[in-house]
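If you count by the working numbering, then the sequence shown holds residues 67 to 676, one letter each, in order.
One should not assume that every hint holds.
[Unchecked claim] In the DSS-like style, the derived pairs of lysine-lysine whose C-alpha atoms are separated by at most 30 Å in a straight line are:
1) K359 with K428
2) K610 with K441
3) K81 with K197
4) K127 with K356
5) K186 with K158
6) K181 with K194
7) K161 with K181
8) K356 with K437
9) K89 with K408
10) K158 with K89
11) K256 with K305
12) K127 with K109
13) K78 with K159
14) K159 with K408
Derived by calculation from the structure, the hints in this document are not laboratory data.
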Amino acid sequence: MPDKTTHLIPEKILKILQHLSTKPGVYRMLDSDSQVIYVGKAKNLNNRVKSYFVKNHSSLKTQLLVTLIDDITTTICETETEALILENNLIKKHKPRFNILFRDDKSYPYIFLSKEDYPKLVYHRGAKKQKGDYFGPFPNPAAVRQSLSLVQKTFRIRQCEDSYFANRTRPCLQYQIKRCSAPCVNYISKENYAEDIHSIRQFYQGKSEVIIQKLQGQMDLASENLEFEEAARYRDQIKNLRHVIQKQVISGNSSDLDAVAVEYASGVACALVLFIRQGTIVGNKSYFPKIPKGTDLAEIEQNFLRQYYLSGAEVPNTVLVQNSHEDYQLLQSVLTQEHDRKIIFKTPHRGQLKEWVTFAKKNAIHALRSKLNSKTNMFERLSELQQALGLSKLPKRLECFDISHTQGNQTVASCVVFDDAGPKRADYRIFNISGITGGDDYAAMKQALTRRYQRLLVESKTFPDLVIVDGGKGQLSQAEEVFNELGIDTSLLLGVSKGSDRKAGMEQLWFVGEHRPTVLPESSKALHIIQHIRDEAHRFAISKHRLQRKKSATKSLLEEIPGVGAKRRQSLLKHFGGWQEVEKASVKDIAKAPGISESIAQNIYDYLHG
Numbered sequence: 067m068p069d070k071t072t073h074l075i076p077e078k079i080l081k082i083l084q085h086l087s088t089k090p091g092v093y094r095m096l097d098s099d100s101q102v103i104y105v106g107k108a109k110n111l112n113n114r115v116k117s118y119f120v121k122n123h124s125s126l127k128t129q130l131l132v133t134l135i136d137d138i139t140t141t142i143c144e145t146e147t148e149a150l151i152l153e154n155n156l157i158k159k160h161k162p163r164f165n166i167l168f169r170d171d172k173s174y175p176y177i178f179l180s181k182e183d184y185p186k187l188v189y190h191r192g193a194k195k196q197k198g199d200y201f202g203p204f205p206n207p208a209a210v211r212q213s214l215s216l217v218q219k220t221f222r223i224r225q226c227e228d229s230y231f232a233n234r235t236r237p238c239l240q241y242q243i244k245r246c247s248a249p250c251v252n253y254i255s256k257e258n259y260a261e262d263i264h265s266i267r268q269f270y271q272g273k274s275e276v277i278i279q280k281l282q283g284q285m286d287l288a289s290e291n292l293e294f295e296e297a298a299r300y301r302d303q304i305k306n307l308r309h310v311i312q313k314q315v316i317s318g319n320s321s322d323l324d325a326v327a328v329e330y331a332s333g334v335a336c337a338l339v340l341f342i343r344q345g346t347i348v349g350n351k352s353y354f355p356k357i358p359k360g361t362d363l364a365e366i367e368q369n370f371l372r373q374y375y376l377s378g379a380e381v382p383n384t385v386l387v388q389n390s391h392e393d394y395q396l397l398q399s400v401l402t403q404e405h406d407r408k409i410i411f412k413t414p415h416r417g418q419l420k421e422w423v424t425f426a427k428k429n430a431i432h433a434l435r436s437k438l439n440s441k442t443n444m445f446e447r448l449s450e451l452q453q454a455l456g457l458s459k460l461p462k463r464l465e466c467f468d469i470s471h472t473q474g475n476q477t478v479a480s481c482v483v484f485d486d487a488g489p490k491r492a493d494y495r496i497f498n499i500s501g502i503t504g505g506d507d508y509a510a511m512k513q514a515l516t517r518r519y520q521r522l523l524v525e526s527k528t529f530p531d532l533v534i535v536d537g538g539k540g541q542l543s544q545a546e547e548v549f550n551e552l553g554i555d556t557s558l559l560l561g562v563s564k565g566s567d568r569k570a571g572m573e574q575l576w577f578v579g580e581h582r583p584t585v586l587p588e589s590s591k592a593l594h595i596i597q598h599i600r601d602e603a604h605r606f607a608i609s610k611h612r613l614q615r616k617k618s619a620t621k622s623l624l625e626e627i628p629g630v631g632a633k634r635r636q637s638l639l640k641h642f643g644g645w646q647e648v649e650k651a652s653v654k655d656i657a658k659a660p661g662i663s664e665s666i667a668q669n670i671y672d673y674l675h676g
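Produce the entire structure from the sequences given, and follow the hints as far as they go.
Written out as structure tokens, the structure is:
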């Protein structure tokens with residue numbers, strides 16, 4: 067340790083530095099509150115950790131980090147590979163402020179084709195536990211569902227769960243609307259079903275033209291044999307497939323790969339992953355990692371790739387990157403071992419692969435500009451809001467509550483959250499309200515606010531800078547009462563009502579202790595953000611209330627039938643595939659369901675048709 071630096075290093079840290087291992091491992095740097103502020107890996111712990119204290123660092127981030135280190139702990143690993151995996155797990159666990167934090171709230175959607183005598187074709191998200199073919203990933207869930215719907219309509223493959231499939235004695239509604247060929251009751255031979263499955267595999271492997279040519283031949287043959295209904299079915303299949311194909315971009319390269327580009331400007335980073343499967347661009351997805359100040363672009367790229375591919379993302383055989391780095395050799399080695407196949411990180415310099423990276427870079431630049439524009443606009447709105455409301459600091463976190471019910475039934479309260487980047491949907495919450503008089507919005511609001519902020523207090527979570535309640539002065543009084551009971555500053559509260567004529571743009575703002583509302587100009591950016599979060603809270607509350615109402619309607623109808631308990635309800639639904647089918651059934655048909663006698667079947671029929 068050079069003498070010129072030792073006098074700057076605390077005695078506690080000096081002792082730690084004297085006993086570091088030379089083996090590979092992971093180090094954790096802690097501040098004076100014993101919070102982990104940085105996690106790193108090293109091929110040689112002794113050399114890597116000491117380097118923080120013997121060099122003049124050009125990085126502002128590293129300079130600040132070193133001044134805050136109060137303690138260092140290390141974990142020795144057998145190999146650098148083990149260290150890389152442990153580092154990633156510790157970053158996810160501790161979320162250190164000086165690490166680049168990759169955040170992804172959702173896994174990618176896939177289309178799953180199971181491995182059974184009669185496979186099912188379904189939308190899938192999450193861990194790949196079942197055996198079968200997973201086609202994807204698809205960055206746009208809506209596009210996946212649309213594609214899946216058209217393919218199911220074209221080939222009529224089952225979508226039901228195995229337990230449901232095994233207990234069928236008659237076709238369900240999917241057969242009647244021509245979305246299933248009813249293999250459960252042998253309406254299609256095993257051979258013909260297998261042929262449809264083969265066509266689906268070909269389609270999702272990029273061989274769509276082969277299938278279309280085959281369908282064209284079958285359509286022509288059906289026409290020659292005067293089987294016009296069958297010919298029309300083939301015609302519709304071709305039309306559906308072409309509709310899906312038109313939304314895809316095809317290249318001559320048939321390999322599976324990702325192209326990753328990272329851009330950084332004005333303190334915001336964008337990492338964009340372009341998905342290419344079987345030569346087809348199936349989409350892209352942008353990520354905006356949390357970046358400590360003073361981080362350079364190369365470090366952002368390295369950290370993003372490590373965290374992204376070690377966090378359960380789909381890993382193709384080839385990952386195209388903008389720049390080479392020695393760290394990628396280690397990463398591809400770890401991924402190769404983990405997935406039991408060769409995985410390569412490559413920096414292309416020409417040809418189609420280079421074009422993919424360029425395309426990813428263009429999209430990353432576009433996404434970053436959009437993010438910066440949105441962030442700038444949001445900052446302007448929040449700044450105006452601070453001035454308009456006379457707040458002591460910029461409100462960087464806002465929460466808004468709204469109530470929804472139908473004639474006092476299935477009451478829910480929504481809580482939506484905005485930060486300085488806009489809606490933060492991962493933090494949205496819904497409260498199912500109970501134990502109040504139906505239609506009492508004040509009691510519902512009081513219950514929701516109490517549950518929300520009591521929990522934040524217990525868990526020592528960060529409080530919002532502003533809490534908005536939809537409903538004006540009356541609801542504001544409920545919020546004030548809750549905050550007083552919990553010992554929370556009531557100056558955080560704002561009530562919003564639409565005014566006497568209930569026109570948008572004439573909202574009245576109510577503050578605790580004031581008897582007259584404030585009305586902002588219609589052009590005010592402060593008003594715009596209040597309207598935005600209020601409308602979002604309203605939308606979220608209504609959407610969740612409708613779900614509750616739908617569940618309740620079905621549940622209450624089932625439970626009201628005399629002599630029909632939970633087991634018989636389940637038996638009826640399994641047998642008929644849905645409540646609408648039960649309503650259409652005769653007494654004789656109802657009695658065919660397991661556990662349903664003729665007398666009970668008569669009771670069910672009489673209840674539904676009486």
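Legend entry - Enumerated hints in conflict with the structure, sorted upward: 3, 5 and 7
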